[in-house]
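The hints should help you fit chain B onto chain A, whose structure is shown.
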Amino acid sequence: MIEFKNVSKVYETGNRAVRNLNLKIDDGEFVFIVGRSGSGKSTLIRLLMRELKATEGTITVNGKELGRLKRSEIPKYRRGIGVVFQDFRLLNDRNVYENIAFAQRVIGASGREIRENVPEILKLTGLSAKYKNMPNQLSGGEQQRVAIARALINKPSVILADEPTGNLDEKNSEEIMKLLYEINAMGTTVIVITHSRGIVEASGKRVISMEKGTIRSDTGQAAAAQADETVPWETAEPNWGGII
Amino acid sequence: MSTFLYCIKRGLVNLRKNWLFSIASTATIAACVFLFCLFYAVVVNVSNIAYQAETTIGISVFFNEGVSAEQKEAFKEQILEHGGVKEINYKSADEAWESFKADYFGDKAEELAEAFADDNPLAESDSYEIFLNNIEDQQAEVDYIRGFDIVREVNYANSVVSALKEMNTLITAVSVAMISILFAISIFLISNTINLAAHFRKRETEIMRMIGATNSMIRAPFVVEGTFIGFAGALIPIVSMLFLYKRAEVYLAERLSSSGQLSALADIATLIPFKEVYPVMLAAGAVLGVGMGFVVSFLTIGKHLRV
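Chains A and B, in that order, give the protein sequences. Under the working numbering, the letters of the first sequence match residues 1 to 244, in that order. Under the working numbering, the letters of the second sequence match residues 1001 to 1307, in that order.
Stretch by stretch, here's where chain B covers chain A in the computed footprint (C-beta under 8 Å, at least three residues):
(1) 68-78
(2) 82-94
(3) 100-110
The set of hints was computed from the structure by calculation and includes no laboratory data. For every residue, glycine included, the Cβ atom is placed at its ideal position computed from N, Cα and C.
The shape of chain A in the complex, shown without the other chains:
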C-alpha cells in the first residue's frame, strides 16, 4: 500500500510543488494521475522514487516510511518500484536483451537468473523476436515495451509510468496501455501519469487529478473497482508465478 499523509514538498528555490497531500493507493490498484504541467505530478513520482524527500508529512510504501530510509536502504527500496518514462531511457549501445538484462545485472542477479528471466519477460512484452535488435531499430511502441520489460524484470510491486504514451501514436499507445492493464491484472500496482484524456476516459480506472500541488479530484477506489471487476484488489503481492 502507498500512503501520503499531509505531504508537502518545497524546493530550495522556494517553489512549493506539493501541498499537504493526502493519498492512499491500495495494493493492486491501477491509478491515473492527471494534471497540468507544474501541478506536482512529477514531484509525486520523484517522492515515490525517494529521489526527493518530503519537506513535511510522511510517505509510506509497503510499510516502509520513505523519510526514515537510510541512504544505503534506498537502492533496495527502488528495486520494488519499476519506472517507465516517456522518453524510454534505453541504453542505445545495447540490444533489447542487454537493456532488459541490465536491470538484473545492476542488482547482482546471477547469470543463470538472467538467462531464465529475460526470455520470459521478452515473451510477456511481445519482444521475443526482437531481442537482438538495437533500440534504434525499434518503433516507439517497441522501445516503450523494452522499457516496461526492464521495469518488470526485477518483479516490482509497483510500476510508476510517467507519460508512457507521450511519444507514441494512438495504436502504439493502446498496446502499451493494454500491456500495463495486463501487468496490473497480475497484481502489480500501476500508477500512470498522463495527459491523454482518451486513455483515461476509456479505462474506467481510478483517476486522481492534481492542481497546484494538491488533489483537485479523486474518482476513488470504489468507482474504479466497480468499473473493472477483473482487477484482483485483494491481492497483497503481485502474482508473478505465471510470468516469471
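What follows is chain B alone, placed relative to chain A:
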C-alpha cells in the same frame, strides 16, 4: 561472479570509449613511475658507491720525514688500542711506488719509469692504510690521527664521498619535485578521464540508480577503469626498467674494465643487483600506478553518486 565480470567489462568498454584520455593518463602515470624508478636507482646506487668508497678506500696515514720505524709501530699500537679498527696495513715506500707506476703508466710502467730506476720519488711515502669497523666513525678517527705529531698527512675518501652525497641530495630534491609535478598531473588526468566517462555514462548511471543499483555497483566500472589505467601506467616503466637496469649493469662493468684509468673504480662503482632494487620499483608501481588509479577514480566518481 556475473556482476563482477560485468563491472570489469564495462570498465574496459569505458577505457575504449575514452581512449585518448586513457592514453594520456596512462602515459603520465608511466612517466611518473618511470622517473621514480630511475631516480630511485640512481640515488641508491650513488649511495652504494659512496659507501663502497668509504669502506674500501680506507684512511691513508703518511708520516713526517725522519720518523723512525719504532715510532710508526708505536703509532700502530695506539691506533689499535683506540678501538674501532678492522684492519691496519703497512705500505712501504717501494710498494707505494710500484702501485703508482702500475696505476699511471700501465703496461709501459718499466719503460716510462726508467729514469727513476735507482731512485724512489715516493721515498717518504710509506703509509698505514686503516679500515674501520664502522664507517660512521671515520671522521672522528681521522681527527684522532691528525692529533699525532708524527703524522704529515691523512687521506681518506671524504671529498669523494661528500661529493657523491651532495649529488644524491640534489638528485633526490630534483626527483621529488619532478615526481610531485607528474603526480599532480596524473591525478588531474585520471580525474578528468573518470569525469568524462561519468559524463558519457550519465544516462546509464541515472538508469542504474532508478533501477536500484547500489553506489558501489555504479562506482565499480569507473574504479575498474581508473585502476586499469594505473596498472597499465605502472606496467610500462616496470617492464622497461627490467631491461634498462640490466643493460646499465653490463654497460658500466664493460666501461670500467676496458678503461685503464677507471679500472680502479671497478670494485666500488658497481650497480646494486637488480633483484635488490626491483622490489622497491614494483612497490612504487603498485602505489603510484595502481593505487593512484584506484583512489583517484574512487574519489572522483563519488561526486556523481548523489542518491
